[in-house]
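Colleague: Sequence:
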Amino acid sequence: MRERKMGLATRDAYGKTLVELGRKNRDIFVMDADLAKSTKTDFFAKEFPDRFINVGIAEANLVGIAAGLAACGKIPFISSFACFLICKGYEQFRMSVAFSELNVKVVVSHGGISVGEDGASQQSTEDFALMLSLPKFVVMNPSDEVSARALVEQAAKYQGPVFMRTGRPKYPVIYHEGTQFEIGKGMLLREGADLTIVATGILVFEALMASDILAERGISASVIDIHTLKPIDRELLRQQAEKTGAMVCCEEHSIYGGLGSVVASVMAEECPVPIAYVAVQDTFAESGRPDELIQKYGLTAANIVQTAEKVLSRKHK
Numbered sequence: 001m002r003e004r005k006m007g008l009a010t011r012d013a014y015g016k017t018l019v020e021l022g023r024k025n026r027d028i029f030v031m032d033a034d035l036a037k038s039t040k041t042d043f044f045a046k047e048f049p050d051r052f053i054n055v056g057i058a059e060a061n062l063v064g065i066a067a068g069l070a071a072c073g074k075i076p077f078i079s080s081f082a083c084f085l086i087c088k089g090y091e092q093f094r095m096s097v098a099f100s101e102l103n104v105k106v107v108v109s110h111g112g113i114s115v116g117e118d119g120a121s122q123q124s125t126e127d128f129a130l131m132l133s134l135p136k137f138v139v140m141n142p143s144d145e146v147s148a149r150a151l152v153e154q155a156a157k158y159q160g161p162v163f164m165r166t167g168r169p170k171y172p173v174i175y176h177e178g179t180q181f182e183i184g185k186g187m188l189l190r191e192g193a194d195l196t197i198v199a200t201g202i203l204v205f206e207a208l209m210a211s212d213i214l215a216e217r218g219i220s221a222s223v224i225d226i227h228t229l230k231p232i233d234r235e236l237l238r239q240q241a242e243k244t245g246a247m248v249c250c251e252e253h254s255i256y257g258g259l260g261s262v263v264a265s266v267m268a269e270e271c272p273v274p275i276a277y278v279a280v281q282d283t284f285a286e287s288g289r290p291d292e293l294i295q296k297y298g299l300t301a302a303n304i305v306q307t308a309e310k311v312l313s314r315k316h317k
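Be aware that the sequence shown starts at 1, since it is given in the numbering used here, and climbs by one per residue.
Rather than coming from a laboratory, the hints here were simulated on the basis of the structure. Heads up, some of the hints might be wrong.
Within a straight-line C-alpha distance of at most 20 angstroms, the following computed SDA-like cross-link-like pairs (lysine to any residue) qualify [what the hints assert, rightly or not]:
#: 1; residue 1: K136; residue 2: F99
#: 2; residue 1: K74; residue 2: K157
#: 3; residue 1: K88; residue 2: I65
#: 4; residue 1: K185; residue 2: Q154
#: 5; residue 1: K315; residue 2: Q281
#: 6; residue 1: K46; residue 2: V19
#: 7; residue 1: K185; residue 2: R238
#: 8; residue 1: K170; residue 2: D12
#: 9; residue 1: K24; residue 2: K136
#: 10; residue 1: K16; residue 2: R238
#: 11; residue 1: K230; residue 2: L102
Bear in mind the structure is a predicted one, so any value in this text is a computation, not a measurement.
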């Protein structure tokens, strides 16, 4: 079984990368809604106070100000908790950013249920669904600190609106330093013959663990890290579907409207195969330690293994 070597939380990787980008590009501005210590934008605030704005607890206003800065040629990165910024600022994202295709970078923290003890009011399981629905938005979800840093750098270079989720807990390290990432291109981490496990964010490591367990049972599973949900890597998904003939989609998000929904849509057009899902079901979570919640709501390697075995039973019918 692979070692669970812990790295930084992806929110920490985001905060540190912002500082590096700020040193290179004076057009980068960072804004927050009174949660800079939690989103880690306080790293940028300390080094570049003249390019940091705390708008207070006014998330919709935060989006509007960012749109104004982008319209003036600046590159604003805006952050808050996922549930606060996306739910409260959605109308502004829709009309002020997406409709105008402005160069706003939205990097939220505390995504998913691994927020833990803060409970349902601060656990975001609908953020992908909402942001995927907005035209022109890129939607990303890194799986460790290496991918987080690389994707923040890619977001800064990309011309157009970008959404990225980061997490509160420390994530296991998956990638070596210097690994190259490209917006819209998934990462094939393991190639198998019997089924494909498609995962995003914190569930990528669980998918790799599951593939190890399945290998011990004589089942060969490909593992794909979909760090970009939109635009999604249709070619890689099609290639693996054609090769393995079955899929399991894994995400720390509602079963409705996230990675699984996008993959199912692509497969319906490209290569219909049996698909099963590991995700938060049609429910809110509750307060508890992150590891307890991940287990209770069925987001572990063991759950992926069980789901993989079930979908394989459908493969040959």
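Colleague: Against each hint, give a clear statement of whether it holds in the structure.
Modeller: Hints versus structure:
In summary, the hint linking K136 to F99 is supported, as the alpha carbons are separated by about 8 angstroms, within the 20 angstroms threshold. Taking the CA atoms of K74 and K157, the gap is about 12 angstroms. The hint holds against a cut of 20 angstroms. For the hint pairing K88 with I65, the CA-to-CA distance comes to about 14 angstroms; that is within 20 angstroms, so the pair holds. Pair hint K185 plus Q154 holds up; C-alpha atoms about 12 angstroms apart against a cutoff of 20 angstroms.
For a cut-off of 20 angstroms, the pair hint linking K315 to Q281 is broken: about 23 angstroms separates their Cα positions. Note on K46 and V19: the hinted pairing holds, with a Cα-Cα distance of about 9 angstroms set against a maximum of 20 angstroms. Of the pairs offered as hints, the one joining K185 and R238 holds, with about 13 angstroms between alpha carbons and a cut-off of 20 angstroms not exceeded. Taken as a hint, the K170 and D12 pair is honoured in the structure, with Cα atoms around 9 angstroms apart against an allowance of 20 angstroms.
Distance hint between K24 and K136 is unfulfilled; the C-alpha atoms sit about 26 angstroms from each other, more than 20 angstroms. Distance hint between K16 and R238 is unfulfilled; the C-alpha atoms sit about 36 angstroms from each other, more than 20 angstroms. Only pairs whose Cα atoms come within 20 angstroms are accepted, and K230 paired with L102 is accepted, the gap being roughly 17 angstroms.
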